[in-house]
Amino acid sequence: MSEVDKKKSPARDASPGSVPAPRDASDDAKEFLSVRNLSVHFDTDDGLVKSVDGVSFDLKAGQTLGIVGESGSGKSVTSLGIMGLHTSERARIGGEIWLDGEELIGAGPERVRKLRGQKMAMIFQDPLSALHPYYSIGSQIVEAHRVHHKVDKKTAKKRAIEMLDRVGIPEPQRRYEDYPHQFSGGMRQRAMIAMALVNNPRLLIADEPTTALDVTVQAQILDLIRDLQKEFGSAVVMITHDLGVVAEIADSLLVMYAGRCVERGTAEEVFYQPQHPYTWGLLGSMPRIDREQTERLVPVKGSPPSLINVPSGCAFHPRCPYADVPADNITRTERPELKPAGDGEGHYSACHMTREQRDRIWTEEIAPKL
Amino acid sequence: MAAYIIRRVFAAVLLLLVVSAVTFAIFFLVPRLGGQTLDSMAAQYVGKSPDPDVIAAVKKNLGLDQPLYLQYWHFIKGIVVGAEYQFGPDPVTCNAPCFGYSFKTHTEIWPQIVDRIPVTLSLAVGAAVIWVLSGVATGVVSALKRGSIFDRLSMGVALAGVSLPMFFTGLVVLAIFGNGEYVPFTENPLEWAGSLVLPWCTLALLYSALYARLTRAGMLETMGEDYIRTARAKGLKERKVVVKHGLRAALTPLVTIFGMDFALLLGGAVITERVFSFQGMGAMAINGVTTADLPKVMGVTLVAAFFIVLCNLLVDLVYAAIDPRVRLS
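Order-wise, the sequence lines are chains A and B.
Per this note's numbering: the first sequence = residues -15 to 354.
Per this note's numbering: the second sequence = residues 576 to 904.
Bound-form chain B, shown alone (with noise of 0.2 Å):
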């Protein structure tokens, strides 16, 4: 087991490097095979009337003189033990773990990054929690009365929350309750979670619905099971049989899709973030982009990427938990 997780850690990190160099080969590679010219990069951060002087100084502070593999190098290395970076006159310091600097607003990124997790944190978890509860609950009762009145009605909802599109529905609850700015949690719990509300409804009636289909569908196959006639011949109680022996095992497939909706999620919710106006990873994707800002898309990439990895890693964990014919060797 210790044997697998170290392994598992050792192919993350690997993983991650080549998602960085991927990343990397995206912005700084992919558009000089495009025909851009050095020059032409560098001339983005210098303004309207480029001075041929000015340009060549940027290209060479921001290292874009240097060999391909020397840039990634030392942005690899930035990450580990910092980095310096030539801007003007003076030299600045951005220390570990340094994902790069905004030659765009003077800043770094990390810093960024690390005040806008939180953000994306607290709309992903809570919107996860109210998703898993009431798509799950909806699920199970749906499967189990089949074919009701609440089966129909739930399932005709669900069709209409996975169809109706999020900037649709945030704006539509944005429209009717208006909206809050968000409340970081250590300064006041109460105000944070109010805050809050309204984004993880929203976010979760997506998702919730898109579970509620896949519990329900999850729960008809596996009440079919021929060990669940097992447990009724035992003379359990058909709640017992329904939890115990139904639901878990028509839970498991839903582990997987869980670990990769919220990973995502976690890379910034950047419909929901736009919509309610929130500061989090998925508004600094969208700024990054527009403003050209390569660095700070590059930051974001990684972070994301490395929430995903996390979460495959935890899936496989969990999964190996739950079902015993999953062995880790």
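Next up, chain A with everything else stripped away, as it sits in the complex (with noise of 0.2 Å):
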């Protein structure tokens, strides 16, 4: 099993220049985002920082897939790097990302900006600061379909107003005129998925869409962007550090950890048999409406590691408290591979341990807990 499913991980040391992994061609027919050990570094002063380093997954149309770890995990990075948005010229920038058939790292930069918010959109963490303070949410919106479509102001307008009134702006026409600061936090998001969506783009990126709002509204915006996927047939990735965010929305999960992809699968399946420790550190440092407050929440300890310096063998070992499981010191020694992991399929973890010692961990002292 583990002889078929290694050809599918990525290769372990994941630099710009490295020959990524060969891809199944049966997947492509199905796959509607393949992102193929994708590496983002940034030579910096200080030295190459990998932000992303030798991440992949498959997403398919209408389906959702949640990325979550902490911040400088390179969620963010990753999806930059899918739309194309890292202009640094310091950004080097690796792997594959096949886009309904069209790879889009080697492809020109003109090439991709024309994808861009017409197949791929995103929306952003703070709509506040992601929306043009000077020009008026009608205008925005307006020039985000003109770019794509050679239609007139007037169609463009309509457009615009059709989809200010669909993500549940109230007075649409009034409001067309109105400009960032003149609305809510809410209201914002949801113009600016509306100005994400005006393309029909088949692929939406998501990052921390509602980091920045109220608990009450949060709610509200993530059945919004699930009741348009819906609507839409779009492949939806959501970024968040809330695994209560993907708990509500996303099909599969991919858990990162310094850059590298340390757990995915489905929601389900990661949730309720999560195999690696961090991804049990991050349940557990959920909070939870359903249990009892008699313990206090338990943070994963230590802090995020530098990207520049990464821990060697497996980067999460200085704040792993079972590092010490596997024998002969091999946590600090080898990178661990992504490999097949729990009962489903398409379960990977990235873990020295055993599946019969993260099992016995898990059902012994880790999920009486949560």
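Simulated from the structure, these hints should not be mistaken for lab results.
Everything hinted at is true.
Here chain A is said to cover these stretches of chain B; the calculated rule only asks that three of the stretch's residues, wherever they fall, bring their Cβ under 8 Å from a Cβ of chain A:
1) 816 to 825
2) 885 to 899
With a straight-line Cα cutoff of 25 Å, these simulated DMTMM-like cross-link-like pairs (lysine to aspartate or glutamate) come out:
3) B/Lys720 / A/Glu73
4) B/Lys812 / A/Glu80
5) B/Lys815 / A/Asp110
6) B/Lys812 / A/Asp84
7) A/Lys98 / B/Glu813
8) B/Lys812 / A/Glu73
Part of the chain A face toward chain B, derived, beta carbon under 8 Å:
9) Gly101
10) Leu115
11) His116
12) His132
Don't be surprised by glycine CBs; every beta carbon is placed ideally from N, CA and C.
Two chains, two frames, some hints: make the complex.
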């Protein structure tokens, strides 16, 4: 089993120049977005920052992938990489990104620009700073539409008002003229979503879309994204550090740590049978309303690692309470591969512990406390 | 909006009154606090051998013997309705707007100012066009090609431009190209421009260097904003991202600075006018100061203050037009 699947797992040492792992051709038909061995490194004065270091995943149309991890784990860098938005000359991007059968990293920037906003769109964390303060909401949506469609201003305006109405902005004809500062936080994010969806993109990347919003508004925005996804059949990548958000919306999950994927699988698998100590830590630090609040939340101890000097072996070993469970100090010397982990076929984790060791710790030590 | 403008104009008039009162006090009150007597002030206008009778006559003619507030009132009234000055046997009529009467040169101040404003205005407008265009263009390219040879070279030149004093660059330009006479625009537009090219460029060098650095800093900051990323995420062409989304926001703070710089120049580009021997407002101010011709200095000061107040009002209006978050109320 591991022999077959090894072929699919990303190469261990991903550097920008390395040859990416071969892709399984039969996947092409089904997968709308395939990321293979993506690496995004930044050349800085202090050294090479490996923000994303060999991440792979697939996403079908109509499905939602949640990418979770702490700040600095490479979630946003991954999403910006897919969009081709790393404009810094210091960014080194490697691997492959297949969008609907088209490879993006090797494609010219002009080609990727044409896909941006049309086939793939993105919404950002803080809608106030992501919207231009000097242009009205309506004109910003019209601009997004007219980049990719040769229509006159009147048609574009009609389309923009339609979109504002669709995302639930009351009196869209009037609010069309308003500026971002005249909108509330939730409305701004709705407007952002309207702008992103104005060209019916088939891939929507949402980078922490609810983080800057009130809790009551968060649920509304998530509902909206889910509804629109059903309506348009788009693939959604939801980036968040909030497991509650992905629990509500994601079909599959990708857990990132220090620029690497440590666990991926269906949302159900990752939530109910997590196979990586870091995922356990994330679950343990998540507040839950359905349990008695007798104990304090348990944070993942330590702080995120430097991306210039990533810890040797398993990047998580300095913070892992079970780093000494595998024998021979292997967690400190050898980088764990992403291997099939749980019962499900697509469930992978990068941990040196054996399945038996993990299952024992999960059932005996972790699960009872959650 | 209209109410706002009316209110601002009203405030501007009030401000000018304050400025005129302060200027008036500096010239007519401060010397007396400093120990000068009315006689010694009047004696300045008499000549080398003061004769007490003549001094008394001058004192009366100038109104120096009246209370200060009456003198000020007389001055302000003159601006609105004109005034009469008693000088020698016959009274001299000074038509409105009367900004005073020079007893040194026996001339009214206002016609001199009217004569000189076109010179200063030509100098300031032309230089401003050059420095804004060249400064902003250089700043934008420098910011986009940060760290490139162009960036380093232009920022080096800019540093030199900011550091070199006007009287140095002006004199160098003069030594190389020689001097030309100012030709009024109405006489011959082509020669007008020709006569102004050198002063324009000299003056613009100083400012465009500053504006290039400010634009570069503004662009670097703006291009890192989230809304620029959004603009790119829409699939906009890079040129549109830079100009429509980046530059517009980066230029906003420049509007304020430009309003101030331009207004100050309208009050007289003192050194430039001096170096190129132009008879503008700045030259008039220097002339007034060196000859202790107080009404002349008062006149120039008030006109300069007027331009500053006016430009500030315009800046506020332009600002509101650029940035919708600024509400005029």
